[in-house]
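Below, each chain spelled out in residue letters.
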Amino acid sequence: MRTSKHAAASSRGLNFFFIQLAWRNLWRNKRRTLIAGASVFFAVFLAVAMSSVQTGQHEYMIRSAVGFYTGHIQIHGLHYWEKRSLDQTIPLDPAMLDSLHFLPHVVHVVPRLETAALISHGNATRVSPVIGIAPAPEDAMTGLGKRIIRGSPLLQWHSGALLAEGLARLLGVDVGDSVVVYGQGYQGVTAAAMIPVSGIVQFPVPDLNNAMFYLPLGHAQELLSAPGRVTGVALMLDNDDDVDRLLPAVRRIAGSGVEVMTWRQMLPELLQAIQADNGGTIIMLLILYVVIGFGICGTVMMMTAERTREFGITIALGMKRWRLMAITMFEALMVSMMGACGGILAAIPVILYFSYHPIWLGGDYAKAMLAYGVEPIVPFSNDPMVFLIQGIIVFFMGAVSGLYPLFVLRRLEPVRAMRGER
Amino acid sequence: MPTIVVVLLLLVFAGSLRAQDAREIVRRANDLMRGSSTYSEFSMTIQKPEWSRTVVLKAWSREPDYSLVYVTEPARDRGSVTLKRKNEVWNWLPSVQRVIKIPPSMMLQSWMGSDFTNDDLVRQSSIVDDYTQTIAGEDTMAGRTCWKIELTPKPEAGVVWGKLHMWISQTGYLELRTDFYDEDGTLIKKFTGSDIRTFDGRSIASHWEMVPVQEPGKMTVLDYQQLKFNVNLDQSFFSEQNMKRVR
Numbered sequence: 000m001r002t003s004k005h006a007a008a009s010s011r012g013l014n015f016f017f018i019q020l021a022w023r024n025l026w027r028n029k030r031r032t033l034i035a036g037a038s039v040f041f042a043v044f045l046a047v048a049m050s051s052v053q054t055g056q057h058e059y060m061i062r063s064a065v066g067f068y069t070g071h072i073q074i075h076g077l078h079y080w081e082k083r084s085l086d087q088t089i090p091l092d093p094a095m096l097d098s099l100h101f102l103p104h105v106v107h108v109v110p111r112l113e114t115a116a117l118i119s120h121g122n123a124t125r126v127s128p129v130i131g132i133a134p135a136p137e138d139a140m141t142g143l144g145k146r147i148i149r150g151s152p153l154l155q156w157h158s159g160a161l162l163a164e165g166l167a168r169l170l171g172v173d174v175g176d177s178v179v180v181y182g183q184g185y186q187g188v189t190a191a192a193m194i195p196v197s198g199i200v201q202f203p204v205p206d207l208n209n210a211m212f213y214l215p216l217g218h219a220q221e222l223l224s225a226p227g228r229v230t231g232v233a234l235m236l237d238n239d240d241d242v243d244r245l246l247p248a249v250r251r252i253a254g255s256g257v258e259v260m261t262w263r264q265m266l267p268e269l270l271q272a273i274q275a276d277n278g279g280t281i282i283m284l285l286i287l288y289v290v291i292g293f294g295i296c297g298t299v300m301m302m303t304a305e306r307t308r309e310f311g312i313t314i315a316l317g318m319k320r321w322r323l324m325a326i327t328m329f330e331a332l333m334v335s336m337m338g339a340c341g342g343i344l345a346a347i348p349v350i351l352y353f354s355y356h357p358i359w360l361g362g363d364y365a366k367a368m369l370a371y372g373v374e375p376i377v378p379f380s381n382d383p384m385v386f387l388i389q390g391i392i393v394f395f396m397g398a399v400s401g402l403y404p405l406f407v408l409r410r411l412e413p414v415r416a417m418r419g420e421r
Numbered sequence: 000m001p002t003i004v005v006v007l008l009l010l011v012f013a014g015s016l017r018a019q020d021a022r023e024i025v026r027r028a029n030d031l032m033r034g035s036s037t038y039s040e041f042s043m044t045i046q047k048p049e050w051s052r053t054v055v056l057k058a059w060s061r062e063p064d065y066s067l068v069y070v071t072e073p074a075r076d077r078g079s080v081t082l083k084r085k086n087e088v089w090n091w092l093p094s095v096q097r098v099i100k101i102p103p104s105m106m107l108q109s110w111m112g113s114d115f116t117n118d119d120l121v122r123q124s125s126i127v128d129d130y131t132q133t134i135a136g137e138d139t140m141a142g143r144t145c146w147k148i149e150l151t152p153k154p155e156a157g158v159v160w161g162k163l164h165m166w167i168s169q170t171g172y173l174e175l176r177t178d179f180y181d182e183d184g185t186l187i188k189k190f191t192g193s194d195i196r197t198f199d200g201r202s203i204a205s206h207w208e209m210v211p212v213q214e215p216g217k218m219t220v221l222d223y224q225q226l227k228f229n230v231n232l233d234q235s236f237f238s239e240q241n242m243k244r245v246r
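One line per chain: the protein sequences are A and B, in this order. Once you know that position 291 of the first sequence is 290 in numbering that gives the first Met the number 0, the rest is easy, because the numbers rise by one and skip nothing. Once you know that position 29 of the second sequence is 28 in numbering that gives the first Met the number 0, the rest is easy, because the numbers rise by one and skip nothing.
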């Protein structure tokens, strides 16, 4: 008992002694330490920045697809997602909307009735998605109201349409004009109406800007002969992680005869695109790690070479090799730790800034992105995991590089080392 | 050498003779059904798994390029007119007092919720000219001996189908059934005629069922109440102006 306690105390003392020595060693040659630390620092900074842009891009893609259209969870008629026909509409029960609202994490409950129809004015005719919306929740979820550039927003029981700016231009209409909407309503009934344009909305993505046509839900139901019916109810949650946990409760409230889908089921292409992109990112990150790794290794080798004489003398004076090894190990850990922490600390303000003020791209690249249906921005993610994971990976690379002096020390011959030879 | 030439010539000749035959059969069946100009009254019932709906229509047509269809029922849609002129389709919507031209992108959409597309309206008359016809065999349909004729679209014809099979009765050239196959050889639609009646001196199937084979529970049924052939219709009848006047 006693001996073991003593041994424990002394080993703790010894550990502390090593740490103290390592710390002093570090500051004995400040410049050397700073160079080593800086290589880790920049490595972490770059890895965090790159990973943040990547994750940010994916978060942005998900956020815009989910936030603009599907929601995290959607309730719709059986097979609606596959067939997209008004025949799969479901009756909208206000009590159901209320119950959905009361679920935890549910932020927006957005009913919609959508189809495609001809929009015509004069000789110009376009095929457009026609979406009946409840103005207030739709505005809250998709920010539609903020996109209005002329005219006024939709009112629940008013006749009037919001046209995307490009569509309005193609048809040659503006606020105050009327357009003919012609298509097929519920159960094949002809849907035709003359509807005044109450406002123009602008989207950065041409596919949306040349197409979207919004009506107040009640009016759309009347036009499409589908009173009280909707094609779907989109649920927006406060975060993506609770989707699966909430699913059973949503299913219970929605009842039978309907389909409840998550965005992952509704947008499998998006999920696949992200996975494919992740593969590419991993390769890029690996290249970055290799570059970083060699940088750190080089610094460590230089440092070790510089200290060969010093090592030789201390061993000749009676320093145990393993103690020296432990000290250099601690040095490597400390430098890596300081570099990694410094890198993370320095990256935080930069990435926080860009996560709220994404970089807008210009020129041909921006046009290409718009053609793909993506806003030309470089979004940054401020997910803490980005910082943590990149910090830890680079820290380990530093620590592993720190093993190099151990090999040197094991083979070191004090006499030759003191002469500055290997 | 000369024998081979003779054999080849015979083969080619025999082949073209058979093709000519099939083409002639299809042309006669087509002329019987359509005439140079027709007036018809018919009802169209659209059956879906969840609902069904009947539309009553009057139609005038001048083959091959012009037709005009007027909706008499249901009351809600009364007065709607579809005008086909060459490859273009217009609709007159009395409720908003506007004529709308159907854009090319909508041509494959369903016409009035039926299993017919706008494109079907436009393309119907080309079975003689846009296809190569061959006799594929004989078959019995509704108690009548029929030629089964395979129609393959000509390369330059803008046809969506991979091939068609038509059953045409050997007596009276009655078109009794047409199967529509896509380019992969999958059967897509079956168009079957029955209940043969005499309209304006011609025996013709009056009850037609269009079944989209891939979509169970769906069907469009046409029932002819009246058919008149070689009606006197001027080209000016098929005009935007007349869409608004016709009753």
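Watch out, some of these pointers could steer you wrong.
Claimed, not checked - In silico SDA-like pairs for lysine to any residue, Cα to Cα no more than 20 Å straight-line:
no.: 1; chain 1: B; residue 1: Lys47; chain 2: A; residue 2: Gly256
no.: 2; chain 1: B; residue 1: Lys217; chain 2: A; residue 2: Ala123
no.: 3; chain 1: A; residue 1: Lys82; chain 2: B; residue 2: Pro48
no.: 4; chain 1: B; residue 1: Lys47; chain 2: A; residue 2: Ala123
no.: 5; chain 1: B; residue 1: Lys162; chain 2: B; residue 2: Ser94
no.: 6; chain 1: B; residue 1: Lys85; chain 2: B; residue 2: Pro48
no.: 7; chain 1: B; residue 1: Lys100; chain 2: A; residue 2: Ala123
no.: 8; chain 1: B; residue 1: Lys100; chain 2: A; residue 2: Glu81
no.: 9; chain 1: B; residue 1: Lys57; chain 2: A; residue 2: Leu77
What the hints contain is simulated information worked out from the structure, not anything from laboratory work.
A quick look at each hint next to the structure:
no.: 1; hint: Lys47(B) - Gly256(A); in the structure: holds, 18 Å
no.: 2; hint: Lys217(B) - Ala123(A); in the structure: violated, 34 Å
no.: 3; hint: Lys82(A) - Pro48(B); in the structure: holds, 14 Å
no.: 4; hint: Lys47(B) - Ala123(A); in the structure: violated, 33 Å
no.: 5; hint: Lys162(B) - Ser94(B); in the structure: violated, 40 Å
no.: 6; hint: Lys85(B) - Pro48(B); in the structure: violated, 34 Å
no.: 7; hint: Lys100(B) - Ala123(A); in the structure: holds, 9 Å
no.: 8; hint: Lys100(B) - Glu81(A); in the structure: violated, 29 Å
no.: 9; hint: Lys57(B) - Leu77(A); in the structure: violated, 37 Å
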